[in-house]
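J.: Each chain is listed here by its residues.
2 protein chains.
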Amino acid sequence: MAVEIERKFLVHPDRLPSLVDGQRIVQGYIATADRTTVRIRLSDQQAWLTLKGLTTGISRAEFEYPIPAADARQMLDQLCSGGVVEKTRYRIKHEELTWELDVFEGSNCGLIVAELELSSETQAFALPVWASEEVSHDPRYTNLALMLHPYQQWECHGTDTYR
Amino acid sequence: MAVEIERKFLVHPDRLPSLVDGQRIVQGYIATADRTTVRIRLSDQQAWLTLKGLTTGISRAEFEYPIPAADARQMLDQLCSGGVVEKTRYRIKHEELTWELDVFEGSNCGLIVAELELSSETQAFALPVWASEEVSHDPRYTNLALMLHPYQQWECHGTDTYR
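Line by line, the protein sequences are chains L and U. Heads up: the first sequence runs through residues 1 to 163, numbered per the working numbering. Heads up: the second sequence runs through residues 1 to 163, numbered per the working numbering.
A portion of the hints provided could be inaccurate.
[What the hints assert, rightly or not] So, partial list: chain U residues that the calculated Cβ filter (under 10 Å) puts toward chain L:
#, residue
1, V26
2, I30
3, Q46
4, L49
5, L51
6, Q74
7, C80
Hints are computed from structural coordinates only; laboratory data are not their basis. Note that beta-carbon positions come from the ideal geometry of N, C-alpha and C, so glycine has one too.
Construct the entire structure; sequences and hints are all you get.
T.: Structure, rendered in structure tokens:
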């Protein structure tokens, strides 16, 4: 088991550097009855099955296993009742740390989210000039929430209304 | 993906051969919102994560992956909200086919179920003298149901009342 600790930010798209070597990702979820997440992620010819426990603060127990891409395709088709989230992921290095920038597509088109994985909840980091509001604690920006309530269906695309 | 096709029977305990080399199994489930099953199974130092789709007749899509036993212990503890099923599994060969005999423990103590995995729904097989009623289609005998409604809490231990 790993513990996932991450900070999540919206971005100023016009301040981003050129985006290169993006990785196309399609992911879906098994519908669960409590707050455990069961995710199937397919990227090119690689795939993973991931279980995540309850979130405590910005930390979350995570169990991730590589699986055959053919299995992932069948699971996305047969077991993921709620649809999928599609995005292209870019990696951007900023002062020794690597950010993951997710440019969403399909029903979440228009949304770009930057994530930084940390080794502790108190780890310091430099905020890039292209980072805007932090949304680490906003439940609407989890990928599961974005599948159920896609960005393009939101009435308001700011975060103030919801705080 | 494999397709699981199995027949399931109750047994006459007094007609069973001697049971040897049993494998102790503890398994739990992630609570799901539809009819997909997410199972964590721990046996001695081996463990598996298994996803099963909807049952069609006696067939079911099944995706199974070996995982570290330490992960399984943490998942059983942290992610399986509904408790666990405990049993000892024995293998009995009968006329070229191997039956799996599950002797349940804990809250399902008293229940013994024999399962035979087949390669097609129409495959013929010889019924051992110790097999009694078939319960392949009785939903109470799935391991998930036995976790939620253990055998010891059933009002009636026959199957006639429920048919």
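J.: Each of the hints needs a verdict: does it hold here or not?
T.: Status of the hints after comparison with the structure:
no.: 1; hint: V26; verdict: violated (17 Å)
no.: 2; hint: I30; verdict: holds (5 Å)
no.: 3; hint: Q46; verdict: violated (15 Å)
no.: 4; hint: L49; verdict: holds (7 Å)
no.: 5; hint: L51; verdict: holds (6 Å)
no.: 6; hint: Q74; verdict: holds (5 Å)
no.: 7; hint: C80; verdict: holds (9 Å)
In summary, the numbered hints that this structure violates are 1, 3.
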